[in-house]
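Engineer: Each protein sequence line maps, in turn, to chains U and W.
If you use my numbering, the first sequence corresponds to residues 1 to 296, in order.
If you use my numbering, the second sequence corresponds to residues 1 to 192, in order.
Calculated from the structure, these hints are not laboratory results.
We put the beta carbon where it would ideally sit given N, CA and C, even for glycine.
Derived list of chain U stretches under chain W, where covered just means 3 residues or more per stretch with a C-beta under 8 Å from a C-beta of chain W:
| id | stretch |
| --- | --- |
| 1 | 16-23 |
| 2 | 143-151 |
| 3 | 165-177 |
| 4 | 281-295 |
Simulated crosslink set (DSSO-like; lysine-lysine; CA at most 30 Å straight-line):
| id | chain 1 | residue 1 | chain 2 | residue 2 |
| --- | --- | --- | --- | --- |
| 5 | U | Lys67 | W | Lys11 |
| 6 | U | Lys123 | W | Lys11 |
| 7 | W | Lys156 | W | Lys96 |
| 8 | U | Lys117 | W | Lys11 |
| 9 | W | Lys11 | U | Lys4 |
| 10 | U | Lys117 | U | Lys153 |
| 11 | U | Lys128 | W | Lys11 |
| 12 | U | Lys153 | U | Lys4 |
| 13 | U | Lys67 | U | Lys128 |
| 14 | U | Lys291 | W | Lys11 |
| 15 | W | Lys11 | U | Lys153 |
| 16 | U | Lys153 | U | Lys52 |
| 17 | W | Lys11 | U | Lys159 |
| 18 | W | Lys113 | W | Lys156 |
| 19 | W | Lys11 | U | Lys7 |
| 20 | U | Lys52 | U | Lys291 |
| 21 | U | Lys52 | W | Lys11 |
| 22 | W | Lys186 | W | Lys129 |
Listing some non-contacts, in silico: residues in chain W with all C-beta distances to chain U over 10 Å:
| id | residue |
| --- | --- |
| 23 | Leu34 |
| 24 | Gln52 |
| 25 | Gln54 |
| 26 | Arg69 |
| 27 | Asp82 |
| 28 | Leu101 |
| 29 | Thr106 |
| 30 | Val109 |
| 31 | Leu121 |
| 32 | Arg125 |
| 33 | Asp134 |
| 34 | Glu138 |
| 35 | Gln148 |
| 36 | Gln160 |
| 37 | Asp170 |
| 38 | Thr183 |
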Amino acid sequence: MTLKDIKDVLTFRAFRPEPDDSTAPWSRRFIRESTLALNIGRRRVSWMALDKRGEFRDAGSMEGDSKEIITQMGPEWRALTDNGWCSVSLNHRFVITLEVNLSRRAGLEMQLRSNPKAVLGAKSERGKKYTLQHNAESNTSVLLSCDEEAVNKTVTMLKDAGLNAGRVSVGVYGMMLDLIEQVSDARRARAATNPGDPFGSVVMIACNEGSVCVLSQREEQWTELRSRSDLYTDDMTPVLDIILPLIQNAGPNTNVVFMNDEAGCPLPDLLRQRIPGALVSDVTVPCQMWKLLTDS
Amino acid sequence: MSKSNIMHDLKSDRPDLSPPLPVVMMLLPVLFYLSAVGSVGFGGLCLMKIKQAQSDEQREVDSEQMASRTRTTLVAEQKVIDETHAKAREVETWMKSTQPLMEIVTAVVNSVKTGNTLSSLRLSRSQDKPDHVDMRVEINSGGTIQQQETVQALMKSNYQTFRDDIISPDKSDQRGAVTYTTTLVKSATIEE
Chain U
1 MTLKDIKDVL TFRAFRPEPD DSTAPWSRRF IRESTLALNI GRRRVSWMAL
51 DKRGEFRDAG SMEGDSKEII TQMGPEWRAL TDNGWCSVSL NHRFVITLEV
101 NLSRRAGLEM QLRSNPKAVL GAKSERGKKY TLQHNAESNT SVLLSCDEEA
151 VNKTVTMLKD AGLNAGRVSV GVYGMMLDLI EQVSDARRAR AATNPGDPFG
201 SVVMIACNEG SVCVLSQREE QWTELRSRSD LYTDDMTPVL DIILPLIQNA
251 GPNTNVVFMN DEAGCPLPDL LRQRIPGALV SDVTVPCQMW KLLTDS
Chain W
1 MSKSNIMHDL KSDRPDLSPP LPVVMMLLPV LFYLSAVGSV GFGGLCLMKI
51 KQAQSDEQRE VDSEQMASRT RTTLVAEQKV IDETHAKARE VETWMKSTQP
101 LMEIVTAVVN SVKTGNTLSS LRLSRSQDKP DHVDMRVEIN SGGTIQQQET
151 VQALMKSNYQ TFRDDIISPD KSDQRGAVTY TTTLVKSATI EE
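Next up, chain W with everything else stripped away, as it sits in the complex (with noise of 0.2 Å):
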């Protein structure tokens, strides 16, 4: 058979019958399918980067959570470290506020001779005057004499006593037990 000849066809033709589509038209599903096959490709990019940027976003979500245990923690620490340092503080204020205060408490202590014994001290000062101190003594055994040894103390440690007062039933008692109440400023004219 010669390859130029087509055999014949005596069948008659079909009057819709349409030519081949020009081969150039080839690109059309050919682009169709690359596309197609360029869709897929790049959804399973976007898919492959999605559960990336998820498992990226856990790792962030637990780091944020770590570091927010960790402020938690970091925080009651502080707070800890606040109280410790505010207690410090107070300490070292009281400290301050009564260092004045341990020249009248050594003065009085010493002041108590053999024999003599104290059964409360108590020093107060308030706001409106902190320069006057209020002190209350109770003494189990010495009496008056006992209460002006401790005058006399007080004033070599420079401290004027005002507001005297003995709170006793015999307020003469030489040996028994008495209550001084008194105010103590600190003597100026020394001081300078």
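Just chain U, with the same shape it has in the complex (with noise of 0.2 Å):
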């Protein structure tokens, strides 16, 4: 037994999950602590602190060479932290994608993390590392890779600059999760209220900054998945260039539910204007981005 674990006893840290025990919430790792949440992509770093209150304030971007951007605001970044922990996105360096047939045999998450051969057979690759999301109600699941020394490199650059990773995450792949998620508890609660009624196709869309991922869901079906980074800046054609196409594989009526990182996205009003009549669903709210980001 170490001092430190002498004082963590006392102080009741030693109660609280560690800060980088990934499957703690990030409010319960850092009660009345300020933390920083990071958005780095290959060209813009943006960044938002989450104070002792849990209320976000300091917001700002930059655009650049990410680790040039890492060096230059690392003090700046840990002056807005108590010890310098951070959430971070990375937008840039993954892939999703959406297999079927996968295993879905008890404890394959923490397997997928160690040893994701054993999981995905000849999918896996290596230097990459794996998550994945199973649709509860058919064989296909959503699989995000990302590669391993993006991830190493990110948390290794912020060890440099003072920063400490308490987690490194995908946005748009969290975003596209929580996506999923309200349109299964839309779906039960329309099975709930209208018994037999179909429920009919559902387009997700998910933006974060360049980023984006669609998924195409026909009834309990996914059906189609697409996802690109660095795809756009302030125009939105190449995502629209992209949904588009699965909107109208998807039929007529289809729902359209989006999400963006940030409140006021134009893309909602430029799909309304595309596909006169679609079903446009912004469940986009303030910092949503920052709140998936520290499980807010």
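Each of the two chains sits in its own frame; use the hints to bring them together as a complex.
Structural biologist: If you want it as structure tokens, here you go:
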């Protein structure tokens, strides 16, 4: 037992999850502690501080090489936190795919972190980190693969800048999982109120500072998925080019559910203009991305 | 964000990552702080009691010193009283012891005739024979006549004289100065 262990017990820190314990929510790991959320893209980095009261403040963003930005902004970011802990969203060097017939045995998620080949078989690649989400009502799964090197380099760069990565995630994938859950909840509620009524098709769109993930669902089945990083900046045309074919494939009266990293994105209006009569729902809330990153 | 879902994490897990301690174990630091607060409180209470005890002790010491001073004063007063008492006892003893001699003095003084004078009358007794009173009378004028008068007065007072002696150049001087010494004994027959 070290002096730190005794200190942690006396400060009640030992009764909370460790700061880098990925199994615990951010809010339980950092009680009354200022932390930072970072959204790191290839050519753009944005950030938001979460203060002791759980309120967001000191938002900022910078264009340029992420490594240079981290080196330059490190001291300022460190000052925004109590102990340098940050939750990171990687916005590049990832691929989201729709997989079929993946194993669903117990403990698979943990095994996927330590030995992805045992879970994915031939689909597994060396130097990749994986995480997945199964469709509970069909044999499809959404699989995220991310360059291990990108994750490790980001953690190292942050460490050099005096910051500790408490979580490294892919923001647009997290947003898509949130959309899936919201749609699933809506479907369950619909089934409870109108038993036997078809739910129809849903196209879920998640956008995060240039990254896009689109998932098409017909009833309980996931049918198509498209994902791109560094696709757009201010002009949303490239996004529309990806989305529109999926909406058209989904058929008429398709519900489009949209989530952006921050409220106020023009894409829902553009969709309504391009597809008159489309049922577009924007479920984005203020600080959407930052709330996801900090489990708020 | 669904509250049941936690955002995924792609970073490698730290091998020595330990789970949080059970909540019930919070009792330990809570008890520690309670005991620390209790100790400080108890220490403060003890300090207060010590101060109070010291104050009480000082008050008692002061009272003891005051009592000691009072006792010293009383002892001094007692000593004065004892000394006065002793003197009074001495006076009383003297008075009692001289009571028998008063008859002799009265008899001698009353026997002095007009015109005669005595320069001194000395009476003494010894511890060995307290019944015997040695008398020495210095007669300035009156001589042996006055001496005879004095002897008769003493005999009237039931005193017997023996070992009589007249000390003077002229032992038969009937008018001049003579010194008469004798030993007086209370007559037993008359007393009976």
